[in-house]
Amino acid sequence: MVGRPRRSVYVPQEIEPKWQKIWAERGVMKANDASPKPKFYDLVMYPYPSGELHMGHARNYVMGDALARMKRMQGFEVLHPFGWDAFGLPAENAAMKHPGLHPLKWTLDNIVESKRDLKTMGILYDWDREVNSCLPDYYRWTQWLFLLMLERGLAYRAMAPVNWCPVDKTVLANEQVINGRCWRHPDVEVEKRDLEQWFLKITDYADRLLDDLATLEHWPQKVRVMQTNWIGRSTGAEVDFAVDGAPGESIRIYTTRPDTLFGATFMVLAPEHPLVERVTTDRQRETVRKYVEKARKETEIERLSTEREKTGVATGGFAINPVNGEKIPIWVADYVLMTYGTGAIMAVPAHDERDFEFARMHDLQVREVIAPPSGPQKMLREAYVGPGVMVNSGQFDGLDAAVAFDRICDWLEQRGIGKRSVKFRLRDWLISRQRYWGAPIPVVYCPNHGIVPVPVDQLPVELPPEYKPLSENPAWYETTCPLGDGPARRETDTLDTFIDSSWYFLRYASPHDDREPFDSELANRWMAVDQYTGGVEHAILHLLYSRFFTKVLHDAGMVEVTEPFVRMFNQGMVKRFGQVMAKSAGNGVSIAQLAGEQGADAGRVYEMFIGPPEEDVEWNESGLNGVVKFLQRVWRLVLEPESIVAEGGASATDASALRRKVAQTVGRVTEHYDELRFNTAVAFLMELANAMQDYLQGGGARDAEWESSVRVLVKLLNPLAPHVCEEMWERLGEKGLLADASWPSFDAAAAAEPKITLVMQVAGRLRDRAEVDAGLSEAEATAVALGSEKVRAALNGRGPSKVIYVRDRLINLVP
RNA sequence: GUCGGCGUGGCGGAAUGGCAGACGCGCCAGCCUUAGGAGCUGGUGCCCGAAAGGGCGUGGAGGUUCAAAUCCUCUCGCCGACACCA
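Residue 387 in the working numbering sits at position 387 of the first sequence; the count goes up by one each step and never skips.
Hints are all accurate, no fakes.
List time: in silico DSSO-like cross-link candidates among lysine-lysine, alpha-carbon distance up to 27 Å:
no., residue 1, residue 2
1, Lys-21, Lys-39
2, Lys-30, Lys-115
3, Lys-119, Lys-105
4, Lys-735, Lys-39
5, Lys-119, Lys-735
6, Lys-294, Lys-310
7, Lys-21, Lys-715
8, Lys-468, Lys-105
9, Lys-21, Lys-119
10, Lys-310, Lys-290
11, Lys-201, Lys-423
12, Lys-39, Lys-119
13, Lys-310, Lys-327
14, Lys-419, Lys-201
15, Lys-222, Lys-575
16, Lys-423, Lys-192
17, Lys-115, Lys-18
18, Lys-119, Lys-629
19, Lys-192, Lys-294
20, Lys-37, Lys-715
21, Lys-37, Lys-735
22, Lys-119, Lys-18
23, Lys-192, Lys-169
24, Lys-30, Lys-18
25, Lys-21, Lys-115
26, Lys-327, Lys-290
27, Lys-97, Lys-115
28, Lys-629, Lys-575
29, Lys-115, Lys-583
30, Lys-310, Lys-192
31, Lys-169, Lys-294
32, Lys-39, Lys-115
33, Lys-468, Lys-192
34, Lys-30, Lys-119
35, Lys-327, Lys-419
For each label pair, taking beta carbons as the anchor points, the in silico distance ranges come out as:
no., residue 1, residue 2, range
36, Ala-752, Asp-703, 20 to 30 Å
37, Glu-196, Asp-457, 19 to 29 Å
38, Gly-699, Ile-804, 37 to 47 Å
39, Gly-596, His-218, 36 to 46 Å
40, Asp-128, Val-759, 53 to 63 Å
Don't read these hints as lab results, they were simulated from the structure.
For glycine and all other residues, C-beta sits at the position ideal for the given N, C-alpha and C.
Take the sequences, apply the hints, and build the full model.
The structure is reproduced here in structure tokens:
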């Protein structure tokens, strides 16, 4: 095919800055609070401002942008905001490394760079709504929300053994400790320290946080399972065991298996349990004291290792099993945790793996009380935890264990020695951090009035300008009590940065409100977030905390929704040379360089085409070149169709076939964009471009229908490659921005195929195919199949005894 | 250890009960030529065959079904989460 001289060439470096400027000038992604259109809140997780961005960062932003652009074209009023999770340690680390560099300057400089790169990628946000969690006009309201928690009895101060990261020199929430190590330093073990700290009572909301997970049907199953396990609700009973020889003294235990009460052959207290001292006999005192001391010294890692053999010592004391009056020995062992349940257990070695192991090791009695369906066992080789029938259990013998569970609970409750109980693995959220670069906790300590909240009209409690620990800055922390004139001391701890991010999605509704954290009416207009996109690393921390905050704010009457995020999506990471793209790994593809070479549009389309959105993907240069070629081909089809000359040959020129292909592509691409399945959406667009090229090469006319097809192609590609599409739109002579054009509507009738390929099978094996009219009846299809020589040969004279016909797909003849 | 996900050509992947390998990369052959990292045409899972055609094929083994990459059971491998929570 001879190409005519090309009048125009696709030069992304020229058109991309041009359109970025125009979109900004015309405020394309500005959300109108008063719009009558249906709203669509499209949110990506606001990031820590790390400076220059690379294509590893870009993936979820492109997804969010593509969805926002399509939703706008579909007639939604789209809220697509952005902001910065700007408090945190990297800024302090940078400041420590470069004396004189203030965390604020470092942060603001990084924001400038990140923002520039986002714009280079053609990603549009309503920048008028930008939030920055480290600025006083934002953290003022973070502090206000802390005071709300305090007022509602959800914030409290307590002495507790807390997780201390020796590198960051601050405490950590339970959620920030992974395998006994700091979430930011996988090789640094967390230490236990006893400190007085602020907590939020997230456990008050444990039931609702768990129950409402069931309503989040558009969340990844994986995240829901992780949150369910993290909350960890269990149902059982608390039972009091009297201490032998100590009238009035009793040990309260928690068990999820009250049905095994008759099988309790010993008890175990956590080393920190307050009754350890009192039940220990003089003979055992020294042994127990040494054991408890050793347990205290051990790190979390050592204590929590399941590999380790179970250690423990006898106290010499005995307890009375309330169901049968038996005397059972009391042990101390560190496999029982003081922080869960009551810090004490009844041990039922026959039906609990851990108790079984411990009993084996210390030669303790094992008594079977649940017989498996196969009948009572002679010798237990391992704990039996399955269902069964009660044995050795007095009046409960013969009952199904599941029934006995309830009977025994009733029995305990009637006698006042026990009660049903629900426990959670979830602990309260420790929010104090011993850092500078965070929102100061807005309370003062007054010798006369104790803990005094800073009055809301005195917020924000601003950070002092000097970068040094708040606890070493008396000029800052020395203040006067708001309730009197006496001297008082400010709290010098700051709030966990996860507090900042637990409400930012509400701030976007009214980001400049200076009377309250957010305007309830506007928040109700925009909430809930219709699509929330971000990394799976926040599956527990950020998402659980945000759900908690939303419920508290709902209870306070500030917002209607009880769940913040309707649909959640976790995008996969971008790798290169086998490693996740990261500044530290030095394998990032620079956005500036990409835009200067292949163009931002090519980068956007490629990153969507590269693989399934939820999977990790490997960046690959030749794949990127394939996308560049695709964009050039579209350019030529749209703007230079006369350069594609008919060759005759095999290609079909059927205009109705092209019409159907266009209609089908509208349907498929729209659906796949909606489901964020961008990789397949790109494939469909490529198919359409191929079909359009075949049409021209086959001598198809460039008539009105062709012109309309071209415009559909440009519209469908626009969310992914907005610059080049906008340019083509203009060169096609269209008025107005493509960004504001309407999305093509799906015409099912136009997409319907009049002819289909009927697949003919004999006994489930493919034997022949035929082009037939769509909508054949079973009888007609059977006739077609029996008319096939190949089918008849396969049947070999055995008439079909059974016919399975799937309309417009296949017919299967079974001999 | 428990729970969850994944396993498909040379490569990225598509198909969620109905033609396995869409789309792209790569590769092979050819065309054109302004000689390019350009464009165009055709081919490209494996095996037998000159071809027509046939057989095999979605980590492995079994099962359900007229029909299985897809559902079920077992198993191997990789990845992720949780990990003494009574």
